[in-house]
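Novice: Next come the chains, spelled out residue by residue.
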Amino acid sequence: MFTDAFRNDAAAKVTGKAKYTDDYKLPDMLYAVPVHSKVASAIIKTINYSKALNQKGVVAVYTAKDIPGNIKFGQIIKDCPTLVNRRIRSAGDVIALIVAETREIALSALPFVEVELEEIPGVYNPEEAMQGTSPLVNPDFGSNICNYHKVRTGNMEQGEKEAELIIEQEFNTSRVEHCYLEPETALCYLRPDGVMEVLGSMQHPFSTRRFVASTLGCKLSAVEVKNIPMGGGFGGKDDTAALVCARAALCAYLTRKPVKLIYSREMSMRESYKRHPYKLQYRMGLKKNGKIVFIKARIVADGGAYCSVTPWVTWRSTVQSCGCYEVPNVQSDVYGVYTNNIFSGAFRGFGSPQVNFAIEQLIEMAAEKLNMDATEFRKMNMVHQGSKTITEQKLDNHTVSLQQVMDSVLQEIDYENKVQQCSFGNPDVEEWYGIGYAIAYRGVSLGAEGTDMNSAIINIQPDGSVLLETGVHENGQGAQSAMILIAAKELGIPKELIRYRLPSTSNIPDGGSTVASRGTIMGGGAVVNAAKIIKQRLCEGVEKALGINGCSYKNGNIYSAQGEKVADFFAAVRWCYDHQIYPFAFGVFKAPQISWDEETGHGNAYFSWVYSCQAAELKVNCKTGKITLLNLVAAHDIGKAINPALLTGQIYGGMAMGAGYALYENFPLVKGEPQITNYNGYRVMRSTDLPEMTAILIENADPNSPSNAKGIGEPALEITAPAISTALYRATGKRFTDLPIAPQVREYVKGKKQ
Amino acid sequence: MKITVNNTEYSVSEELAELKLSTYLRENLGLTGTKIGCDIGVCGSCTVLVNNKPGRSCLLKLKDVVNKEVLTIEGLASSSGTLHPIQQAFIDAGAIQCGFCTPGMVLTAYAFLLENKQPSREEAREAIKGNICRCTGYQQIIDAILLAAQRMWNNEDKRFD
Chain E
8 MFTDAFRNDA
18 AAKVTGKAKY
28 TDDYKLPDML
38 YAVPVHSKVA
48 SAIIKTINYS
58 KALNQKGVVA
68 VYTAKDIPGN
78 IKFGQIIKDC
88 PTLVNRRIRS
98 AGDVIALIVA
108 ETREIALSAL
118 PFVEVELEEI
128 PGVYNPEEAM
138 QGTSPLVNPD
148 FGSNICNYHK
158 VRTGNMEQGE
168 KEAELIIEQE
178 FNTSRVEHCY
188 LEPETALCYL
198 RPDGVMEVLG
208 SMQHPFSTRR
218 FVASTLGCKL
228 SAVEVKNIPM
238 GGGFGGKDDT
248 AALVCARAAL
258 CAYLTRKPVK
268 LIYSREMSMR
278 ESYKRHPYKL
288 QYRMGLKKNG
298 KIVFIKARIV
308 ADGGAYCSVT
318 PWVTWRSTVQ
328 SCGCYEVPNV
338 QSDVYGVYTN
348 NIFSGAFRGF
358 GSPQVNFAIE
368 QLIEMAAEKL
378 NMDATEFRKM
388 NMVHQGSKTI
398 TEQKLDNHTV
408 SLQQVMDSVL
418 QEIDYENKVQ
428 QCSFGNPDVE
438 EWYGIGYAIA
448 YRGVSLGAEG
458 TDMNSAIINI
468 QPDGSVLLET
478 GVHENGQGAQ
488 SAMILIAAKE
498 LGIPKELIRY
508 RLPSTSNIPD
518 GGSTVASRGT
528 IMGGGAVVNA
538 AKIIKQRLCE
548 GVEKALGING
558 CSYKNGNIYS
568 AQGEKVADFF
578 AAVRWCYDHQ
588 IYPFAFGVFK
598 APQISWDEET
608 GHGNAYFSWV
618 YSCQAAELKV
628 NCKTGKITLL
638 NLVAAHDIGK
648 AINPALLTGQ
658 IYGGMAMGAG
668 YALYENFPLV
678 KGEPQITNYN
688 GYRVMRSTDL
698 PEMTAILIEN
708 ADPNSPSNAK
718 GIGEPALEIT
728 APAISTALYR
738 ATGKRFTDLP
748 IAPQVREYVK
758 GKKQ
Chain C
360 MKITVNNTEY
370 SVSEELAELK
380 LSTYLRENLG
390 LTGTKIGCDI
400 GVCGSCTVLV
410 NNKPGRSCLL
420 KLKDVVNKEV
430 LTIEGLASSS
440 GTLHPIQQAF
450 IDAGAIQCGF
460 CTPGMVLTAY
470 AFLLENKQPS
480 REEAREAIKG
490 NICRCTGYQQ
500 IIDAILLAAQ
510 RMWNNEDKRF
520 D
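Going down the list, the protein sequences come from chains E and C.
Take 8 as the starting number for the first sequence in my numbering and just add one per residue.
Take 360 as the starting number for the second sequence in my numbering and just add one per residue.
None of these hints come from the bench; they were simulated from the model.
Watch out, some of these pointers could steer you wrong.
[As the list claims (entries may be wrong)] Estimated spans, in silico, between C-beta atoms of each pair:
id	chain 1	residue 1	chain 2	residue 2	range
1	C	Lys420	E	Glu134	46 to 54 Å
2	E	Asp35	C	Glu485	46 to 54 Å
3	E	Gln468	C	Ser372	46 to 54 Å
4	C	Ser479	E	Glu437	51 to 59 Å
5	E	Arg753	C	Glu481	37 to 45 Å
6	C	Ser372	E	Asp73	33 to 41 Å
7	C	Ile399	E	Glu754	26 to 34 Å
8	E	Lys233	C	Glu485	37 to 45 Å
9	C	Thr367	E	Lys597	17 to 25 Å
10	C	Glu481	E	Gln468	16 to 24 Å
[As the list claims (entries may be wrong)] Dumping the calculated EDC-like pairs for lysine to aspartate or glutamate here, alpha-carbon to alpha-carbon at most 20 Å:
id	chain 1	residue 1	chain 2	residue 2
11	C	Lys420	E	Glu167
12	E	Lys72	C	Glu386
13	E	Lys376	E	Asp604
14	E	Lys633	C	Glu481
15	E	Lys24	C	Glu433
16	E	Lys626	C	Glu481
17	E	Lys32	C	Glu481
18	E	Lys26	C	Glu433
Built from N, CA and C at the ideal position, the CB exists for glycine as well.
Taking the hints into account, I'd like the entire structure generated from these sequences.
Specialist: As structure tokens, then:
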């Protein structure tokens, strides 16, 4: 338990003073609401909003024809309409915006927008969508297969020949809602200088800026997106949140007044993208001695109506399709598919939770078939120092610590003893007990998904106080605190001297999105590099003042070439200003080179890897099927713990979200129509659903990261589900290969009773 | 109608009897620390205390709190700005991430600690089950509640160690 955690924005949050988007009010502000489609696939014939306009207090109704710039935008394929002009592709599509004097008036005008539609056949099953006979979701694109990635390693024919045992299994994962507590909100106003200023609940200011500028048809420099507190994102406040900002900006642009666009939970759940549901079909070949000789995988991801980041999500799934194992012969085929479902996009884990759920169970099933201990089987096949991944990346530039994380967790939870006590559906007991664990590696940051760099500005004031900013976004994870701690350590000064300045898109370069657990590694790297420059500046100031050369900086003091302390931090700062040297630095961290060949699926996909192990203990009531989690333990090699209290919090929160993914979370659609509208229909883990958890921090300093730290946001979530599913197998004796599992356990128990 | 919010008494016109308490607090009084997550009484983000009992301000109407004392997150720290021990404990235990559930969570925890001066972890866990937090997994929130209990009531026992 921590009793002195550091978090620079905590006081504002704990007193209710922290201002989130909806907490801001501007003079003459208008309120907007979206008009959503009521069907998933249709052609708009007419939109008649005259009755809505006649409602007292309604200021305007806008449709696609009012958009001055591009109607459609997207991060990869520009297929996503800010407002639909003709064809409706999903139930989350927005047809119009109502702007009114109050939010109540805007909401009450919703029924008065009359949309005449002609429903057209849609496609809701990705396998059907992949057939050539299916209706095209995005005819401009020409195919429902949005993207295809593959890995071809070794020789499958040879693998099939060598295999002495074959195991085949299909897995299916669910569509999951992010459930950030703050729904999407945006407040935009056109400044007197002609710049559209955007405050919004979004996690990617630069991506948002691109959406807004595209919609308004203006330059990027004419849009300024500011980072303000955000009530949760988990990857979910990218495209949808950016579209919400673009719509608010459109209204502000057209009305010339500040406009706040607020989403109700119902609107948020209807429109926002979800975690991709996957169908994963595996065939694994084994030697009787326990060596894996081949893995063949066919993975289909339901991308829904718009591309969003599906090609990137499925690329990670491709690279990690065989888990953290050495496999000599690999054939992985991964498809991202358009359907008329609510679209899928970024969600903490980003294509890894699905493959880990499958592969870590497949490993357990294989060990059982071989009559081998699953831990021995893992040890025999998992990657170690110098191993090659399935994409032929040699793991030799950092510490490969799978064994260490695994040993830590298994020892902490007393696995060897407890695994003997599992019930396997024993009919003689009232309560079944099970324990299970899973391991994984995760490529850090973006990999071949995109350009990977970040920057930091250290600006020391004449009194020695420090302004720090980076291209990292505060998503609630504590990014600012981590950056402050890294800067304080590098400069050898108290953290209280450093004030983090939440950046805007107009005062720091685009550092990419704060996603892929890359905030600490990329932003932290930039801070370290900026600190290196500022230390030189401070030395220069001292050298000029004293007329000496060869000074060096150590722990907040400056030393002469002879090793004598000649100035402290504050004197050095003063002397800089006195001698026309700005103690100001702009530091950049560029991710080390990665490579990828789309034809073979080979390359150094990521510049380093995080190693993880998580274990779960649980019991199942044999009469009711009720599952009680008893214990969750995690160990992650994060390189270096910058802020242990907040790092630990990421692990607890990740495991909680992963446990929800395993057991309860599901967002079903029927013909593309959401069956859940609010939290009353969607089971988010509550305090009483969770056990006490243990987080073990493993620190093998990563030489590829200037701060030595890697990332934790996603590793913390991505293997909880397979750990729980294996524990459930050992409790019930039945293997569950589809998510979520709790409803199936209830059915299974019911079936047994009859 | 008279309503007391954070020790200040307000006169409210009868016409507002049906107004949601959450709307009144946020829009009329500018007390935006009360957050709206679901607006149907499920997530607990809008929790305020009514006569020291947690209530969902998105479900309560003004007529429900007439002549009662409403405490919002803005009223918990001392007037000089010193944080209440439960607030300080949330900071010190690392119980805050995105912060959106925090006001409701802190108030729920505060009400619980008024009733239970020597809580176990299980009791603290039970006390906050009506408040959803999507970030933390609740563990450090429970840590915070036990830390606050110790600081507030000077517990000698070490059950939270």
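Novice: Now tell me, hint by hint, if it's right for this structure.
Specialist: Here is how each hint holds up against the structure:
no., hint, in the structure
1, C:Lys420 <-> E:Glu134: 46 to 54 Å, "holds, 50 Å"
2, E:Asp35 <-> C:Glu485: 46 to 54 Å, "holds, 47 Å"
3, E:Gln468 <-> C:Ser372: 46 to 54 Å, "holds, 51 Å"
4, C:Ser479 <-> E:Glu437: 51 to 59 Å, "violated, 25 Å"
5, E:Arg753 <-> C:Glu481: 37 to 45 Å, "violated, 25 Å"
6, C:Ser372 <-> E:Asp73: 33 to 41 Å, "holds, 39 Å"
7, C:Ile399 <-> E:Glu754: 26 to 34 Å, "holds, 29 Å"
8, E:Lys233 <-> C:Glu485: 37 to 45 Å, "holds, 40 Å"
9, C:Thr367 <-> E:Lys597: 17 to 25 Å, "violated, 55 Å"
10, C:Glu481 <-> E:Gln468: 16 to 24 Å, "violated, 49 Å"
11, C:Lys420 <-> E:Glu167, "violated, 69 Å"
12, E:Lys72 <-> C:Glu386, "violated, 34 Å"
13, E:Lys376 <-> E:Asp604, "violated, 35 Å"
14, E:Lys633 <-> C:Glu481, "holds, 19 Å"
15, E:Lys24 <-> C:Glu433, "holds, 8 Å"
16, E:Lys626 <-> C:Glu481, "holds, 18 Å"
17, E:Lys32 <-> C:Glu481, "violated, 41 Å"
18, E:Lys26 <-> C:Glu433, "holds, 13 Å"
Checked against the numbered hints above, the structure breaks hints 4, 5, 9, 10, 11, 12, 13 and 17 and satisfies the rest.
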